[in-house]
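Student: Go by the hints and put chains B, C and D onto chain A.
So the chains spell out like this:
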Amino acid sequence: MTSAAAEAPACTSDEMMTVTASRALRDGSACFVGIGLPSTAANLARRTHAPGLWMIYESGTLGATPSVLPLSIGDGELAETADTVVSVPEVFNYWLQPGRIDTGFLGAAQIDRYGNINTTVIGDYGAPKVRLPGAGGAPEIAANCREVVVIVRQSRRAFVESVDFTTSVGHGSGPGDRERLGLRGAGPTRVITDLGVLEPDPRTRELTLTSVHPGTTVQQVREATGWDLAVSADLRTTPAPDPHELAVLRSLTGRTPPTHDGRQGTR
Amino acid sequence: MTSAAAEAPACTSDEMMTVTASRALRDGSACFVGIGLPSTAANLARRTHAPGLWMIYESGTLGATPSVLPLSIGDGELAETADTVVSVPEVFNYWLQPGRIDTGFLGAAQIDRYGNINTTVIGDYGAPKVRLPGAGGAPEIAANCREVVVIVRQSRRAFVESVDFTTSVGHGSGPGDRERLGLRGAGPTRVITDLGVLEPDPRTRELTLTSVHPGTTVQQVREATGWDLAVSADLRTTPAPDPHELAVLRSLTGRTPPTHDGRQGTR
Amino acid sequence: MLVPLDEGVRELVRDGDTVALEGFTHLIPVEAGHEIIRQGIRDLTLVRMTPDVVYDRMIGAGCARKLVFSWGGNPGVGSLHRFRDAVAGGWPAPLEIEEHSHAGMANRYVAGASGLPFAVLRGYTGTDLVGRTPNVKAISCPFTGEELTAVPALNPDVAIVHAQRADRAGNVQMWGITGVQKEAVLASSRALVTVEEVVDELEPVPGQVLLPSRVVTAVSVVPGGARPSYTHGYYVRDNDAYQAWDAISRDRERFAEWLRTEIHGLPPAREGSAAKESA
Amino acid sequence: MLVPLDEGVRELVRDGDTVALEGFTHLIPVEAGHEIIRQGIRDLTLVRMTPDVVYDRMIGAGCARKLVFSWGGNPGVGSLHRFRDAVAGGWPAPLEIEEHSHAGMANRYVAGASGLPFAVLRGYTGTDLVGRTPNVKAISCPFTGEELTAVPALNPDVAIVHAQRADRAGNVQMWGITGVQKEAVLASSRALVTVEEVVDELEPVPGQVLLPSRVVTAVSVVPGGARPSYTHGYYVRDNDAYQAWDAISRDRERFAEWLRTEIHGLPPAREGSAAKESA
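Chains as they are written, first to last, in the working numbering: chain A, 2 to 268; chain B, 2 to 268; chain C, 127 to 405; chain D, 127 to 405.
So here's chain A without its partners, still in its complex pose:
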């Protein structure tokens, strides 16, 4: 058993990222799930260590237990397998806003050193280089979930010194900002990438590399980051996926039709 990591089957960096994200979800907790990597990670968690994970999709399906990965936040199977389906205003007002959701999963087109997220626009708002889908549920997920986990592939394009547009507030410009803004959740507690895991420094709130995935070097992570990335004194190596996790993940993604490409962030 001590050599489990060494024996772990080879996996892709996306698989590494998804399995790591799934492990961030506690059994019995409530999770606000977006389509794409968050949904894959949540469904993996529910089929491995967290069978009691309670998944909410913003379409109003509370406690959905889909047998395949949904292609959209409004797939029919989510409604069919949910404990109940409520209206969209109810999801946001009665479930998300009062802080009933433990974990919110978010994607990002850009993220800065304080975990602030852009999913709106690259470049100037009035004359955009790339117009992105926009906010969706993200601003209030980031504000009101007890904690937020961000899943995003790491690159200098995505990990920027300063986001072009703050769609969702992470830790603002540092300590005390969330409190000043009246945001009641803890904000991003983990950013899980294909290279490693970043967590806000408890003192400075700056995202700090706390774990690198097996086979990845700190230098590689720093090179994929658009700011001078801090590294934890207590840097760990992310435990590799175990064979069961990988088998379940591959079975899940294998059952998913090809139109689902897993790159849609919060939906």
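Just the calculated beta-carbon pair ranges, DEER-fashion: (1) C:Pro260 / A:Gly183: 21 to 27 Å; (2) A:Ala248 / C:Val324: 32 to 38 Å; (3) C:Glu327 / D:Val324: 30 to 36 Å; (4) C:Arg386 / D:Glu273: 51 to 57 Å; (5) C:Asp364 / B:Asp202: 44 to 50 Å; (6) D:Glu272 / A:Asp125: 31 to 37 Å; (7) A:Gly53 / C:Val347: 19 to 25 Å; (8) D:Gly271 / A:Tyr126: 31 to 37 Å; (9) D:Val324 / C:Tyr361: 34 to 40 Å; (10) A:Leu182 / C:Tyr361: 51 to 57 Å; (11) D:Ser315 / B:Glu180: 20 to 26 Å; (12) C:Ser315 / D:Gly257: 34 to 40 Å; (13) C:Glu327 / A:Lys130: 49 to 55 Å.
One-sided and incomplete, this derived list gives chain C residues near chain D with beta-carbon spacing under 10 Å: (14) Ser240; (15) Gly241; (16) Pro243; (17) Arg248; (18) Lys263; (19) Ser266; (20) Pro268; (21) Leu274; (22) Glu329; (23) Pro330; (24) Pro332.
Simulated from the structure, these hints should not be mistaken for lab results.
Where a beta carbon is used, it is the ideal one built from N, C-alpha and C, also for glycine.
Tutor: Relative to the frame of chain A, chains B, C and D by itself:
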């Protein structure tokens, strides 16, 4: 046919009041119905001249078509026969508040010359002579229905110079008051009693006797009123119930168990 | 999660709590109210849109310090005599009251369920309700300048509701007229639900409201727990009992006797011949 | 009440209107959107939480002057290319945008449905959305002083939604994921509903939302009217069509050809050999 009134069967003053109230409801209109006389009048209307009357009870039953008079605003038959049952917040917020209801029916323990209504307390609020049930849905029915019809037995005890407590605003203290208060409905357009019909004077908003029931004198109505009651120059005699109306009313009340005594105002 | 009623009340309801036993004619948690009387819980702030016979009993038994409500009556019958006696006569204890309109109370629960400190509505304006509580204030629309009314959120310590059934995980299902119960449960710190029965699987029903187990603290199986009100699909309203309450509750002594025999299961105090028929 | 789709659109939707074709992945009124394109209606302010391919088509066809939204994408696929081209390239016409969060848009509809000028929520704070529209403002709780966010009501001229079925009186029934459609209909001055079928009696269904006929202006029977989205209980989502839209919409000419053949039923313009296969 011209002698229909003369041939009308003898009826009680309560029957006269209920039939007159039922005639105030237009076919196809939406009516916010309270238990007691309003419910009796609305159900009578639906079985006579207004088969398309759409009845809302504040319990959330929209479009109920009960076969007997309900004993409470939350009877099971209301739910079973309704087009749909919605939550209580939805009744008030989505249906009453935006002005979707044509007619609100209200009862009163006291009513003053401007149609302001008390259903809260007789005497001093802190040391009441009679503690009444309170507001219920009445303040917002009075504010937000397109018009309000009040049904109340006429007496000096009920028709007072000034109400001990304004539970629901009628025409305030006269012309322009509803507009100043931001109340969007027209307020009480008719007060139907066991003696006659009072309507607000178009200029002064003061309740004015516009119709007396057959066999009732103006003097009788004035004696049952706690202020110097104005009488319309165009005073009419209320058309008596026709035999069909009376037969339907008696069949309705005959099917209603004796626990229903019809004196409960807005519920 | 599944506990006997006495245990559920003992664990969830404490002296001094703000408690909402909600129900809109249908599904009124009457038995839970009786258990609160039985346990002698005191100084409660009772909250409910439509306090009826169960609150009349709790007030008469001395459980309440304050009542927050919008319409207090015996539906289809008339007045609540114990409530009147407490307000006007201070018996068995003075009862503070805070009253609202239905629209106001409903929106106060909605704000509470939504994690907001207040709600906005078109209501109260021009009425004497405004001057009788600090909990109604004017608010201006920041876009149009129009003046509206604000009421603060209601967030009871405990909500108590009755429902048709629950599953073993504690998910609760109710249907028919469901009133403001969902909002009351979501607005409260704790929730006790009495149900007619527990089933393996909650077959969906048209018009159902489902309360996920994570917002329910305890479920107690209490068949008939809403009597004399009704449970849609299980039993009908006992209209005679509401009528009978009028006579029982008019008189302090007759009410005390009712409490003694019907709630506490003691032998009648006044009639020697009836003393053998203990409950 | 029951009218053909072309007549319903002609009577309810006018140049310059604010129109909300709502649907949350499920029950998207795609055919009604196509009919708007076909009738050449212009200068619309399009409102929707989740503009997807049908709005991409309407924008590309030049129907829209402005878009009010919270998430614009091709669900499960990626970007909306016609939307992007209108925003970044001004083609075929400049598109003004006003963007919100989902929570903000949902509450704007709720306020609109409730006859209130604004809604209050915990949202937007600290984001750059705030500076980009005058329609997000701070508001203080009059009881606690806490600062929250206000958004103005949305009250479109016309709401257009798709539902499973209606009865002959025009009562509409939908179930499955029902999103924000009830609020959109109640918030709007007029409402057009396309349905899969008309039935004599609307048998109640668990989870249903019923829109009483008095809030529905017109019903049109349009079987398959939500394709390529889905209608719960009738047909499933055509995921390939969403995928295919990505390629069609990337290119202005290919999109124009698609409009010509698929919406206007004209023969292909570019391929001589295909000209005989007119739609």
